[in-house]
Amino acid sequence: MGGELRGYGANVLLVPKDTTLQVGLGELSFGSMSGEGFISENDLIQIESLESAEHLVGYTPYLYGVVDVNAQKVVLVGVWFDSLIKVNPSWKLNSPKIIDRKDVNSTVIGSSVAQSFGLQVGDSFENSREGRTYRLSVAGILSTGGSEDNQLFVSLGLAQEITGNSALVHTVQLSYAVGKTELKAVAEELSRTIPSANAKVITQVAEAEESFLGKISTVTTVLTVGVLAASAVAVMSTLSTIALERRNEIGLMLALGASSRRIAALFFAEVLVIGLVGGFVGYFLGVGLATAVWLRIFNTPIFPRLASFFVVVGIAVGVCIVASLLPVRQALKVTPSVTLRGE
Amino acid sequence: MVSEIVELKDVTKIYNQKVSALEDVNLKVENGEWLTVLGPSGSGKSTLLNIIGGLDRPTKGSVIVLGMNIAKLNQNELAKFRRENVGFVFQQFHLVPYLTATENVMLAQYFHSIADENEARTALSKLGLSHRLDHLPSQLSIGEQQRVCIARALINEPKLLLADEPTGNLDHENEQIVLQIFKKLREDGLTIIVVTHNPEIGKLGDRIVEIVHGELSTNFKLLKGG
Numbered sequence: 001m002g003g004e005l006r007g008y009g010a011n012v013l014l015v016p017k018d019t020t021l022q023v024g025l026g027e028l029s030f031g032s033m034s035g036e037g038f039i040s041e042n043d044l045i046q047i048e049s050l051e052s053a054e055h056l057v058g059y060t061p062y063l064y065g066v067v068d069v070n071a072q073k074v075v076l077v078g079v080w081f082d083s084l085i086k087v088n089p090s091w092k093l094n095s096p097k098i099i100d101r102k103d104v105n106s107t108v109i110g111s112s113v114a115q116s117f118g119l120q121v122g123d124s125f126e127n128s129r130e131g132r133t134y135r136l137s138v139a140g141i142l143s144t145g146g147s148e149d150n151q152l153f154v155s156l157g158l159a160q161e162i163t164g165n166s167a168l169v170h171t172v173q174l175s176y177a178v179g180k181t182e183l184k185a186v187a188e189e190l191s192r193t194i195p196s197a198n199a200k201v202i203t204q205v206a207e208a209e210e211s212f213l214g215k216i217s218t219v220t221t222v223l224t225v226g227v228l229a230a231s232a233v234a235v236m237s238t239l240s241t242i243a244l245e246r247r248n249e250i251g252l253m254l255a256l257g258a259s260s261r262r263i264a265a266l267f268f269a270e271v272l273v274i275g276l277v278g279g280f281v282g283y284f285l286g287v288g289l290a291t292a293v294w295l296r297i298f299n300t301p302i303f304p305r306l307a308s309f310f311v312v313v314g315i316a317v318g319v320c321i322v323a324s325l326l327p328v329r330q331a332l333k334v335t336p337s338v339t340l341r342g343e
Numbered sequence: 001m002v003s004e005i006v007e008l009k010d011v012t013k014i015y016n017q018k019v020s021a022l023e024d025v026n027l028k029v030e031n032g033e034w035l036t037v038l039g040p041s042g043s044g045k046s047t048l049l050n051i052i053g054g055l056d057r058p059t060k061g062s063v064i065v066l067g068m069n070i071a072k073l074n075q076n077e078l079a080k081f082r083r084e085n086v087g088f089v090f091q092q093f094h095l096v097p098y099l100t101a102t103e104n105v106m107l108a109q110y111f112h113s114i115a116d117e118n119e120a121r122t123a124l125s126k127l128g129l130s131h132r133l134d135h136l137p138s139q140l141s142i143g144e145q146q147r148v149c150i151a152r153a154l155i156n157e158p159k160l161l162l163a164d165e166p167t168g169n170l171d172h173e174n175e176q177i178v179l180q181i182f183k184k185l186r187e188d189g190l191t192i193i194v195v196t197h198n199p200e201i202g203k204l205g206d207r208i209v210e211i212v213h214g215e216l217s218t219n220f221k222l223l224k225g226g
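Here the protein sequences line up with chains F and D, keeping their order.
Just so you know, we're using the working numbering here: the first sequence kicks off at 1 and counts up by one.
Just so you know, we're using the working numbering here: the second sequence kicks off at 1 and counts up by one.
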């Protein structure tokens, strides 16, 4: 479920190492001065080679600048388009296709920007900075409900060219499918490995996730136990009825020389089939329902795991077998001479 | 081969510690003999048959069948005894309604050893049911259902055939068909015990015993062998 909760957005942020310099002469201090900090883009490649990379959902660098559009100042953000939605799957991007991260002619504009300048997907417009003009085609309109609605997203390469910050980024947003405790270890590993950056856990997101996960886990555990108990009772009652209806048949089998073990095996084989079919159908119905609910509530899809299929089918079969123990025992108590008389 | 295939010694059966179904019954059945047990309803003749077939246990006494005292066998041993030695023919046929005639016969094979469809079809064909092999019991006449029941009883080549009112539900024509089958089986050397309230059936067998209120009548009639 943690993976699905990554719809909350990035949970780790890379920021430049402290760029504050102490200015002084000998014992005389003139105070401190700080400059604009950057992370080297070349360092980012290491993120994918770390141990924590197996839990990495996605990451994207951010490079900010300001450009003029129709004589108005607009915040320009350089990103990797293809990773942007991976990191923030709940963002609504109205785009006919995923834009390549190296595409320097396209832009994704925030919904407020689109409204202000009357732009739609497919339109072109110009922006300028320090006397240079760039013509961009609107490839998508982004709606987040946040500050992104007022921004202009372009490929990182183009943003670096426009702002004159070659191979540099301001921040990196990373999304990991792990809990709060593990996130701290991930951040420490990132800080150690990437020389130009400090990694910080976005605590609010991590805590919200953990709290939500805890509540959901409790609710689902209670629900699961309840559903399993109800299923067991239903299976038990159904099998008891079957055993009662088949008293004559069981009596006949015994008269024909069937051993108790053989009759029990026949019942259990039937139960096994019921469990397998029930588990199979239940799994796909459950996944369908969960996907629909999750999409509606969180606007992100869920990713069913193959292992959970086997767990669900295994539990379904297990519940059926356990619930059938009593009815099968009842069935084997049949006295053939009595049932064959029709009593 | 023992000459006495069945020997009952002082067999008593009391239900619920108060209803006496059989009282000190002593009976011997020779190998290859057709014995008819006559008696009115409630006389204890079905109880006697069930005890000989290992479907029920006596309250007292010994039941020696094929040299084994089956009164002392446990449930699994009794099941083995039944599937290897006894074929049952019931008045109500007790065919499984959702299985075809062939499958009903194969059911007995399945519990005995290996289900063999060809063998089951041959057994049914021998009883004149070659045109009814794939029919469900509900698609068969009463007489045909009883013949399926007989085929099922014979498919594992039992040493003892036990029939409880085998013609009780049949019309005269079908009764004659079934009795002719029994007569042929008797000629082939199969030991048959039939319980019935119809004295006419007894005439086809070797010997008749009567049972009244759970006691065998000493005044039974000995007939000529079939």
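Mixed in with the good hints there might be a few duds.
Said to hold, decoys possible - If we take Cβ atoms under 7 Å as the criterion, some of the chain D residues that face chain F in the derived model are:
{"#": "1", "residue": "L55"}
{"#": "2", "residue": "D56"}
{"#": "3", "residue": "N76"}
{"#": "4", "residue": "A79"}
{"#": "5", "residue": "R82"}
{"#": "6", "residue": "R83"}
{"#": "7", "residue": "F88"}
{"#": "8", "residue": "H94"}
{"#": "9", "residue": "V96"}
{"#": "10", "residue": "A108"}
{"#": "11", "residue": "F111"}
Rather than coming from a laboratory, the hints here were simulated on the basis of the structure.
The model shown is predicted, which means the values in this text are computed figures rather than measured ones.
Glycine included, C-beta positions come from ideal geometry on N, C-alpha and C.
Here's how the hints hold up against the structure:
Interface hint status for L55 of chain D: upheld, as the beta-carbon distance to the closest one in chain F is roughly 4 Å, under 7 Å. Interface hint status for D56 of chain D: upheld, as the beta-carbon distance to the closest one in chain F is roughly 4 Å, under 7 Å. Hint on N76 of chain D holds. Least Cβ distance to chain F is approximately 5 Å, under the 7 Å limit. With 7 Å as the threshold, the beta carbon of A79 of chain D comes within range of chain F, its nearest partner Cβ sitting at about 5 Å, so the hint holds.
Given the 7 Å rule on beta carbons, the hint for R82 of chain D holds: about 4 Å separates it from the nearest Cβ of chain F. For R83 of chain D, the interface hint holds, since its Cβ comes within 7 Å of a Cβ in chain F; the closest pair sits about 2 Å apart. At its closest, the beta carbon of F88 of chain D sits 6 Å from a beta carbon of chain F; the interface hint therefore holds under the 7 Å criterion. Taken as an interface hint, H94 of chain D checks out: its beta carbon lies about 5 Å from the nearest beta carbon of chain F, inside 7 Å.
Because the closest C-beta pair between V96 of chain D and chain F is about 6 Å apart, less than 7 Å, the hint holds. Interface hint at A108 of chain D: satisfied, since its Cβ lies 5 Å from the closest Cβ of chain F, which is below the 7 Å cut-off. A distance limit of 7 Å between C-beta atoms decides the matter here; for F111 of chain D the minimum to chain F is near 4 Å, and the interface restraint holds.
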